[in-house]
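Here are the chains, one letter per residue:
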Amino acid sequence: MKSQALIVAGIDIGAATAKAVLLNGNTMLSSCVIPTGESVALAAESVMRSTLDRTDLSLSEIDYIVATGYGRRAVTFAHEAITEISCHAKGANLLYPLAHTVVDIGGQDSKVIEIDEKGNIVNFAMNDKCAAGTGRFLEVMARVLNAEIEEIGSLSLKGDDPCQISNTCTVFAESEMISLRAEGKSRENILAGIHSAMAHRIAIMGNPIGFKSQIIFTGGVARNIGMKKALQDRIGEEITVADNPQIIGALGAAIIAAKKQGHSI
Amino acid sequence: MTTYYTELLTLCGFKEDEITRQKQRIETAFEILQLGPEDMKIAAERVQNRFDIELLGIRKALGVWLKELFDVVLARKEGKKIIYFGYPPFQYTGLAIKAAAKSRDEFYVGCPEVVFCQTFGQIFNKLTPILEEGEAKGLAPGHAMCSLLQIKNGALAKKMIPLPDMSIATSYFCDMGPKADELMQYRYGYPVIYVDSCLDSPWGEWPNFDPERVHYLGKQLNGMFQSLKDRFDIEIDETVWKNSRFLAGRLYMAIDKVNEFLTADPVPLGVADTELIMNFPYGCTGIAMDEGAEAVEILADELKRRVEQGIGVVPKSAPRVLLAFQSLVDPVFNQLIGEVGLAVPATMTLLPPPPFPKSHPYPTLGEKRAEKAMFGGAYHSSYGNIKRIEESLKFADVDGIIYNYQYSCRPLVCNSKLLKLHLEKETGLPTLLLDMDFYDDRNYSAAALRTRIEAFAEMLRAKKAAA
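These protein sequence lines map, in sequence, to chains A and B. First residue of the first sequence? That's 56 in the working numbering, and the numbers climb one at a time after it. First residue of the second sequence? That's 71 in the working numbering, and the numbers climb one at a time after it.
These are computed hints drawn from the structure, not numbers from a lab. Mixed in with the good hints there might be a few duds.
As the list claims (entries may be wrong) - Taking lysine to aspartate or glutamate pairs in the EDC-like style, the calculated list, with each CA pair at most 20 angstroms apart, reads: (1) B:228 x B:308; (2) B:438 x B:280; (3) B:534 x A:172; (4) A:213 x A:288; (5) B:229 x B:266; (6) B:495 x B:460; (7) B:172 x B:305; (8) B:442 x B:275; (9) B:534 x B:469; (10) B:533 x A:171; (11) B:490 x A:169; (12) B:289 x B:307; (13) B:327 x B:367; (14) B:172 x B:308; (15) B:374 x B:364; (16) B:327 x B:308; (17) B:534 x B:335; (18) B:534 x A:171; (19) B:495 x A:169; (20) B:490 x A:288; (21) A:315 x A:135; (22) B:487 x A:203; (23) A:267 x B:469; (24) B:533 x A:183; (25) B:534 x A:169; (26) B:487 x A:169; (27) B:495 x A:171; (28) B:533 x A:288.
To be verified - Here are a few chain A residues that face chain B, going by a calculated C-beta distance under 8 angstroms: (29) 175; (30) 181; (31) 183; (32) 263; (33) 264.
Using N, Cα and C, we set each Cβ at its ideal position, and we do this for glycine too.
Here chain B stands alone, though its shape is the one from the complex (with noise of 0.2 angstroms):
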């Protein structure tokens, strides 16, 4: 039977029978979202025009996130224990949370406002009421407040997603995720484990650091699992921690795949399309771990055919840029990177980690995941972010650096001038900085941005037809 969400649910991947089966979650989540009818046909029309459709692998992205939103939203309805973590994630906290439990459905455990970008942001474009309701409830906007945050409180305030059992704030990349828990855990009421740490470290000393930073880390981990333990009876260890690495396997595997493909001249998938898939370790320890790898698989598939038979979202031989970042909810600006005639074989997320080097012998599960976490740079200091990508870019083959920044990120910000001085001062390769939101897209205009991205384009093409 036909409903006013079939048309929209059929081009994100859905089959028939899962729509009938699943008719009653899809109605209640709906009604509890405030999506009727219009905001499905505009959602259908958007998913059309901004993505690569053609390609089964993408419309099943999309349909991953859709579920990814009924779990969330759905999660105390259906009796799970519900746990929230903030974004960035660190490594495998949620899955190991998952790993640990007593069955697959104990736990709801994701980062709901990485889920509502995705779908409020990139599917139905309605995200702007949910970003107001959180600036009405204390996240002010001109505050220098991350829109990421905005959402997720705007979100709880609208009732959307269910209080959480517990939520686990880190300031081990950003400061201002605690800060909003702060706030979220006077207004709501539920309870925060806050996972302390610091980014200073001074210029130059990445890949080392003070091993007191470890050792502080690690304790402010190992104090995460000790209340997750006293709150849930969980144990996690470093059987449970390896365990919950295999619980994303197929997923990291599928999008190996994906990113050996994008490598491809002319670059087989643009980065609207992209970005559905690259967020799934990100946000979701659920659906995304097996459908969602299901989807990447198929990609995958449809990508290596794609790169065989020479078909590009761009012509051969077409500039090639590192992207730092996609942005989560606006295929609009993710889309004008390929209209301007750039190809994207690689982002951020996507490059290769380094290589981590023999591991000091620290004793405890939260200093051993400290330590690699260090070691991955981001976490380090801004030396570490801009070094890791330097040495990142050694297995790279681009023609210049699109380093677009979040405004309201004090860890992005500060150092994008840093960045683009030193990487194009080491690598030789044009850098340009692009000051963006990717939450929040009534904080930049596209049409704007384009000047820049497609003059970035022209210099980029002349280089190359004078080299």
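Bound conformation, chain A alone (with noise of 0.2 angstroms):
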């Protein structure tokens, strides 16, 4: 058993962003989030080196690097690559110890995670091909209404009357919005309908799972409040966001690295 001492990182490279987490034992030294971009492995290094410069460390003085999310394989300075449902489960499981399932939707990938009260994996489900059901639907949708990313979950809450959107294609719902703004639906009620159409899609893939409490939902998209809330009025369950949901992945990641050493966190 290593001391103390022992340092471990989680980078966790996702389609949209890039994440990474230090620990020194259960302490979290320092975190780091940026956009992934058009390189994987710049994206990589980028976001280690910023998050080791907020520390006094060096990348030398890691004792082990686990990398995760759909660019694993191209962290060339990581030590293993694990999946990022390994990685989500892991991360959630030690902030919310009684947490059963996950939901991580990210930018090109939906989840739903059973898990244990170790954060071993007891079953998944993951969106197919398709984008729909991704944080990626959500930002061509934004772009079409002319809104930010940022705003769309609050602007969503605002809808009273929320329209009737396609769940199965991003292509289809991307003309039908068109439709619905030449027919004068307001942003609002398209915005709402919008997140229902998503949070039905991740609720018909998670349904042969089961949605067991604790529910805790991860992601990029977990910041968007509409998202949360379409989610709970669909499954009709409570869910709570993870405290700093992007980074969770990146968190599993390092938690494992520990574990490699064998330290249990």
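Mind docking these for me? Both chains are given alone in their own frames, and the hints should help you get the complex.
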């Protein structure tokens, strides 16, 4: 068993953002989120550098690094790559020991993960080929409505007559929205319809897994308050948005890194 | 003399004198198929990177598929009568035609789209232009049509394969084949025998079934036998049917041996390589029955040595999964399973069939074959299919199931969720559903599937460690 001086890192290279977390024992030394941009490899280096810059540490002082996210295999300086499904499970379990379900909606993937009391995966479901039900879906819709991605959640909550929108295809939904705009529907009602459609999609995907309490919402889309409400309405259960939900995958990767070095957090 | 195809064919187990002897056939076939030096270079690289060519059995299996390709392409030029059948084929129908023929070379009987999957897909990685031609000629993308049928349509449209004298279209498993054959009959004018059936039995009925189903499918099969007699003067009776089984006997025995070695820990062969031999009985009735059998026998001996030496394609004690299906065209997907550290000792095609109970006294050959097919499960119903897997799993030592289904296949896609629910409840084995396409790698990304398979492997490893 190593001493408490063990320094580990988790790095999560997602489709939209790259995240990193540095841990020393149970203490989070620093974390950072940056846009992934065009190069996964450069994003990995950049987010690690920015995370280290917030401490007095250098890369060589990190004992073990686990990479996760869709770009995990491109992180050349990581010791190991683990899927984001395992990492979100571990990260959510650390912060919320009573969690049994993790709903992770990221830039290009969405997942519903059933976990046990140790943060191990019991079952999971993940969106198939299509972007419907992911952060990308919301990005496209925000662009069509000339809205900022950060404001669409709160705008959706102001809708009093949500529009019916297709949940099966981002492209179909986009053209549907253009028609709704032409019909004079308000942005708020269109956005309420979009959030409801996406929540329906996630519910369908997760139903075979079951949404067992406590349900933790992670990933970039968890910052969208409209999506939290839409999901709660659809699932009929209370949902807890994880504290700093974007870094839960990176946190889980760091926890796994510590475990690989003989430390349990 | 070295030619532009020598390297590839040598990698695929051809002997030098064989290449020389068959030079004209090979070059004519490649010309018809529009495969040139650049294609051979790409294929040689792919074969070296994607298959276990340290094993002579695997090299020869690749070669058998190329020979099957030459045989179908040249069948008309070589004066053979040509009969195509659909996939999955009905037991030994193709072999029965061969067994009833006056001579071994009288007929080419096979499933050309499977041969194209194995060659244009697995070896040349050049199926897309054929699929696109199939789409352009009536089987449009997005119409929920099986890509396997697009391949057949495309190969016919591009005149890569000859028009058949007869095609056998069967709907005992899926109705898409006959629908596509109707289109191809209309477009190309070849005759088709339609073998109709239905798949609608109540949940819980299998292994029992309404005798009317047997009578109906039996009548359809008897009609097929009669049509073959009328058209080609070949008589398929009980004796011929029995003889047809001997044609494939050596191949099946060799495959059984390979299956036995696949149950070892560590598993000695990867999915990309097992796939190469498992479709011999489903796509071919020709050279695969003898040269294919020889390749599988060589492979079995090589695997025996690997097992004795403890050599595996994944570490010992790796999580073991039943993989429902292999991709027929994409070694990248097939390799992925091993790359994430999962051992595959069994696939659906390798699971032993349930023991056949005492037969009912059906009077005709068609009904007898229909009864047996119905009992096999897959042609019975969703329940029959799922229950048959559940029964067979009792004999498979696995930690989980990957049920990868053809997204455009109604019989497979409709019951996938049901299968997961039922098998997880009844067997306790975690089951991963994967939406993919076995015949068209444009319809999924192996990289996107990787996260699911890798997470499943991580989950199984954690469960094993905790146990």
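Right, here's what the structure says about each hint:
1. This hinted pair does not check out: residue 228 of chain B and residue 308 of chain B have alpha carbons roughly 39 angstroms apart, beyond 20 angstroms.
2. Pair hint residue 438 of chain B plus residue 280 of chain B holds up; C-alpha atoms about 14 angstroms apart against a cutoff of 20 angstroms.
3. With a CA separation close to 17 angstroms, the supplied pair residue 534 of chain B and residue 172 of chain A stays within the 20 angstroms bound.
4. At roughly 15 angstroms between alpha-carbon atoms, residue 213 of chain A and residue 288 of chain A fall within 20 angstroms of each other, so this suggested pair holds.
5. Note on residue 229 of chain B and residue 266 of chain B: the hinted pairing is violated, with a Cα-Cα distance of about 28 angstroms set against a maximum of 20 angstroms.
6. Restraint check for residue 495 of chain B and residue 460 of chain B: the C-alpha separation of about 11 angstroms stays at or below 20 angstroms, so the hint holds.
7. Between the alpha carbons of residue 172 of chain B and residue 305 of chain B the distance comes to roughly 10 angstroms, so the proposed pair stays at or under 20 angstroms and holds.
8. A distance of roughly 15 angstroms separates the Cα atoms of residue 442 of chain B and residue 275 of chain B; the hinted pair therefore holds under the 20 angstroms criterion.
9. Among the hinted pairs, residue 534 of chain B with residue 469 of chain B is consistent with the structure: their alpha-carbon atoms are about 8 angstroms apart, no more than 20 angstroms.
10. Taking the CA atoms of residue 533 of chain B and residue 171 of chain A, the gap is near 11 angstroms; set against the 20 angstroms cutoff, the hint holds.
11. Distance check on the hinted pair: residue 490 of chain B and residue 169 of chain A sit about 15 angstroms apart at the alpha-carbon level, within 20 angstroms; holds.
12. For the suggested pair residue 289 of chain B and residue 307 of chain B, the alpha carbons sit about 14 angstroms apart, so the restraint of at most 20 angstroms is met.
13. Straight-line distance between C-alpha atoms of residue 327 of chain B and residue 367 of chain B comes to about 8 angstroms, which keeps the hinted pair within the 20 angstroms bound.
14. For the hint linking residue 172 of chain B to residue 308 of chain B, the alpha-carbon distance of about 17 angstroms falls within 20 angstroms, and the restraint holds.
15. Restraint check: the Cα-Cα separation between residue 374 of chain B and residue 364 of chain B comes to about 15 angstroms, which is no more than 20 angstroms; the hinted pair holds.
16. A C-alpha spacing of about 28 angstroms is found between residue 327 of chain B and residue 308 of chain B, which places the hinted pair above 20 angstroms, so the restraint is violated.
17. Our distance criterion of 20 angstroms between C-alpha atoms is met by residue 534 of chain B and residue 335 of chain B, whose separation comes to about 15 angstroms.
18. Distance restraint check for residue 534 of chain B and residue 171 of chain A: the Cα-Cα separation of roughly 15 angstroms lies within the 20 angstroms cut-off, and the hinted pair is therefore satisfied.
19. Between residue 495 of chain B and residue 169 of chain A the alpha-carbon distance is near 16 angstroms, which keeps this suggested pair within the 20 angstroms criterion.
20. Restraint check: the Cα-Cα separation between residue 490 of chain B and residue 288 of chain A comes to about 27 angstroms, which exceeds 20 angstroms; the hinted pair is violated.
21. A C-alpha spacing of about 10 angstroms is found between residue 315 of chain A and residue 135 of chain A, which places the hinted pair at or below 20 angstroms, so the restraint holds.
22. Using a Cα cut-off of 20 angstroms, the hinted pair residue 487 of chain B and residue 203 of chain A is violated, with the two alpha carbons roughly 38 angstroms apart.
23. A hinted pair counts as satisfied when its Cα atoms are at most 20 angstroms apart, and residue 267 of chain A with residue 469 of chain B does not qualify at roughly 25 angstroms.
24. Straight-line distance between C-alpha atoms of residue 533 of chain B and residue 183 of chain A comes to about 25 angstroms, which puts the hinted pair past the 20 angstroms bound.
25. A hinted pair counts as satisfied when its Cα atoms are at most 20 angstroms apart, and residue 534 of chain B with residue 169 of chain A qualifies at roughly 18 angstroms.
26. This hinted pair checks out: residue 487 of chain B and residue 169 of chain A have alpha carbons roughly 17 angstroms apart, not beyond 20 angstroms.
27. Simply put, residue 495 of chain B and residue 171 of chain A have alpha-carbon atoms about 18 angstroms apart, close enough for the 20 angstroms limit, and the pair holds.
28. Taking the CA atoms of residue 533 of chain B and residue 288 of chain A, the gap is near 34 angstroms; set against the 20 angstroms cutoff, the hint is violated.
29. Interface hint status for residue 175 of chain A: upheld, as the beta-carbon distance to the closest one in chain B is roughly 5 angstroms, under 8 angstroms.
30. Of the supplied interface hints, the one on residue 181 of chain A holds, with its beta-carbon coming within about 6 angstroms of a beta-carbon of chain B, less than 8 angstroms.
31. The interface hint given for residue 183 of chain A holds, since its Cβ lies 5 angstroms from the closest Cβ of chain B, which is under the 8 angstroms cut-off.
32. Contact between residue 263 of chain A and chain B, as hinted, is supported at the beta carbon level, the nearest pair being about 6 angstroms apart and thus within 8 angstroms.
33. The restraint placing residue 264 of chain A at the interface with chain B is violated, with a minimum CB-CB distance near 10 angstroms, outside the 8 angstroms limit.
Against the hints set out earlier in the document, violations occur for numbers 1, 5, 16, 20, 22, 23, 24, 28, 33.
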